[in-house]
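Given the coordinates of chain A, assemble chain B onto it according to the supplied hints.
Chains as they are written, first to last, in this note's numbering: chain A, 95 to 608; chain B, 166 to 445.
Just so you know, not all the hints are guaranteed correct.
Stated by the list, open to error - Coverage of chain A stretches by chain B, computed from C-beta distances (three or more under 8 Å per stretch; other residues unrestricted):
1) 182-192
2) 502-516
Stated by the list, open to error - Calculated pairs, BS3-like style, for lysine-lysine (alpha carbon to alpha carbon, straight line, at most 27 Å):
3) K172(B) x K559(A)
4) K362(B) x K208(B)
5) K307(A) x K237(B)
6) K606(A) x K172(B)
7) K270(B) x K606(A)
8) K549(A) x K270(B)
9) K156(A) x K359(A)
10) K454(A) x K270(B)
11) K354(B) x K606(A)
12) K402(B) x K559(A)
13) K578(A) x K559(A)
14) K440(B) x K606(A)
15) K549(A) x K267(B)
16) K156(A) x K182(A)
17) K342(B) x K606(A)
18) K307(A) x K402(B)
19) K516(A) x K270(B)
If you are wondering where the hints come from, they were derived from the structure by calculation, not from laboratory data.
Beta carbons: idealized from backbone N, C-alpha and C, even for Gly.
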Amino acid sequence: MRDISMERVNETRKKILDIIKSPILTHEQKVASLANTADSLLEVLDLPQGLDELMNVPADRKCICDLNEGHAPLRPRYIIPDYAKFMKEGSRFLQLAPPTDLYEALNSLLIFYKHVPSVTNFPVYLGQLDTLLEPFMQDVDDTTAKKLLRGFLVHVDRTILDSFSHANIGPKPTRTGRLLLEVEAELTQAVPNLTLKYEEGVTDDDFAIQAVKTALRSAKPSFANHRMFTQELGENYVIASCYNGLPLGGGSYTLCRLILGNIAKRAGGIEDFRTNQLPYVMDIMARYMDSRIRFEVEESGFFENNFLAREGFISRKRFTAMFGLVGLAECVNILLEKEGRPGRFGHDEYATELGESIIKQIYEFSEKHHNPYCEITGGHFLLHAQVGISEDQNISPGTRIPIGEEPDEMIDHLMVVNHFHKYFPSGTGDIFPIDVTVHQNPEYVLDIVKGSFRKELRYLSFYEKNSDVIRITGYLVKRSEIEKLKSGQNVLQDTTALGMGAVMNGKILDRKVR
Amino acid sequence: MVATVNKIIPFSTVDGPGNRTAIFLQGCNMNCLYCHNPETRCKCMHCGACVNSCPTGALSFEDEKVRYNCAKCVHCDSCIKACPHDSSPKTVDMTPEQVWRKVEKQIPFIRGITVSGGECTLYPEFLTELFILAQAHGLSTLIDSNGTLDFEHYPDLLAVTDGVMLDIKAFDCEEHKRVTGWSNQVVLKNARFLASKGKLFEVRTVVSPGLFDAEQTITQIGDMLSSYLPIRPIRYKLISYRPMGVRPQYKETLQIPTRNQMEYYAGLLAAKGFKDIIII
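Excised from the complex, chain A in its bound form:
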């Protein structure tokens, strides 16, 4: 372990005291922040040369961001346990026998969730709830089932304190799936995040319409292109955290992101960007990720000792890593300006072409880079269009068109973003607030989902423009909770603070209504 300066130690001690005394943070938030701060004192990773000047610099020059994963990762960033195995076999470590009815199944899941780590210390994946619970539903009438599911979901919302925790349903309709949607529409909670795996012809229209109606009330579920994900990741994929497609029984070691706009600032023009600046930064980020992964696998001891791995709920061999990026819009606009060309990202064919060629270059780089611990994805990282963090200013999420610059017509918007979704098996998505008139015509949204998925869009989210629960970038927050936090009150969920930052810095409330 490398030494650090006394100055840095003292700065960190001051930070620790500030956390302890904070009037805004809840106890749980303080404990998590204290752990991160302790971790920041370690220097154990082999850092590639050149990383420091790309990562530890002021925001307007930062080209690589590791999303506060810490200096000594003690667990993978995203963990996707095989809950079906747990339902079938129970767990020795948790001293739980396999559940025999709905009461036991829900109770067992709630226990299990408390033992699934992640970068946020909360589980980012809660399971394919419809098929997990369906076998226990036979002897339960609708009223009882709804009461139990309601209690379960309220428990999740009040104890899993961020909305990166994600449950899945679909693609086929089930009684459990329908009841879950009914309860979610009534509860209008921020947690959990929810995705309907949708495939035209497999998912019934009336089930999909129920999902749309639920989304208009509670900003979830989102719609995932099941056909596309299955082709890339196989049947055993899940949607976790914001919208991340990952292998079941595995997960992602790490997620770092390229800040494309700032890389463009380093370039003289398009040619310099593509031949020098972008390859240089990608290479350093990939080697930094390699180093993080090596520590997790070879040194942290996680995969040898944690019960999830020991009992086979996860397998090291089913982990991959996410090669993220943000700010394609800013990148393209900066490059166009440097070339003296008119046009802006989202409004110009050439800008779209340039954007796609950049994403393709990153994709091809990632396909060539080899990591020995990403066997499940052919030894490569998966591309991820990262949704941004609350501090981001003038950085658009992934490949999205900046808020305030969306094309007037939704068709033109969709036909720009559809150039990019196919490159991102580990997640991308676009979000559309919808006018109140759609309550009378939910088929409108379903038609857009069907058309989009035929046109290779991957993931879409909708909410009604006046909804209290809204999708910030990939996660959900209640506007009423943001107001509480603004007025200085404690709030339960960590994501509320992130949402408040994003509302202020990312103009989330100004999205064009469709």
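Relative to the frame of chain A, chain B by itself:
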């Protein structure tokens, strides 16, 4: 063959089921007091009254004609407010093929098209041609009409029309004349004819208390159509009068119904077997 097009909305939530491209044709034969989009009523006379109202210079007057430059337009509607003839300088004459090229961009995101107005049945041949193109590409076709075209005499059009959304503005003929300036004889005939052919997708009535006897109208329409419901369910859309867009000379005199009134009318229809009733 051309029609004068007021505008095309690529994705519409409110012009029939699902996502549809809505095409608004210019010109109407009725003169409804509560008209919500009076700028679609008449063809442009090229009088030039709008030209100076444009804040961005999108309008000019050349060779006795008003010219419109879409690229400069910011859609502030100043020209529409300045128009003394219930028209718009932004209309364009288009062939069915030209309109189709604007529609097909939305495939596969839309399930159909709806042609509205103005009164789109003033252009029956145009509608027929456009609908042939739409159906050939798997899109459904809806007409939004005031019912003054006698559909029985247009079998070619009806053959390519999946449904008609028909305004019945009053059941009593005198009241209908007071609201619209027209007799409703053909309107009611169309209602029965279209319902008997399974082509009546929706009936709409705008309710404004005091303008006509809404209870009587809704009851009588319900009685007239209930026997056709087994052929094809008919949606009934009850529309509360709203002053938005209405011409100032009528705006002041018209009343807005209460939610309770509207629900009472919906109850009358439900009792007659209507299942799909929407209040807006």
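Evaluation of the provided hints:
| no. | hint | verdict |
| --- | --- | --- |
| 1 | 182-192 | violated (count 0) |
| 2 | 502-516 | holds (count 4) |
| 3 | K172(B) x K559(A) | 25 Å, holds |
| 4 | K362(B) x K208(B) | 33 Å, violated |
| 5 | K307(A) x K237(B) | 39 Å, violated |
| 6 | K606(A) x K172(B) | 21 Å, holds |
| 7 | K270(B) x K606(A) | 21 Å, holds |
| 8 | K549(A) x K270(B) | 12 Å, holds |
| 9 | K156(A) x K359(A) | 10 Å, holds |
| 10 | K454(A) x K270(B) | 26 Å, holds |
| 11 | K354(B) x K606(A) | 44 Å, violated |
| 12 | K402(B) x K559(A) | 24 Å, holds |
| 13 | K578(A) x K559(A) | 20 Å, holds |
| 14 | K440(B) x K606(A) | 34 Å, violated |
| 15 | K549(A) x K267(B) | 18 Å, holds |
| 16 | K156(A) x K182(A) | 47 Å, violated |
| 17 | K342(B) x K606(A) | 42 Å, violated |
| 18 | K307(A) x K402(B) | 20 Å, holds |
| 19 | K516(A) x K270(B) | 21 Å, holds |
Of the numbered hints given earlier, the model fails hints 1, 4, 5, 11, 14, 16, 17; all others are met.
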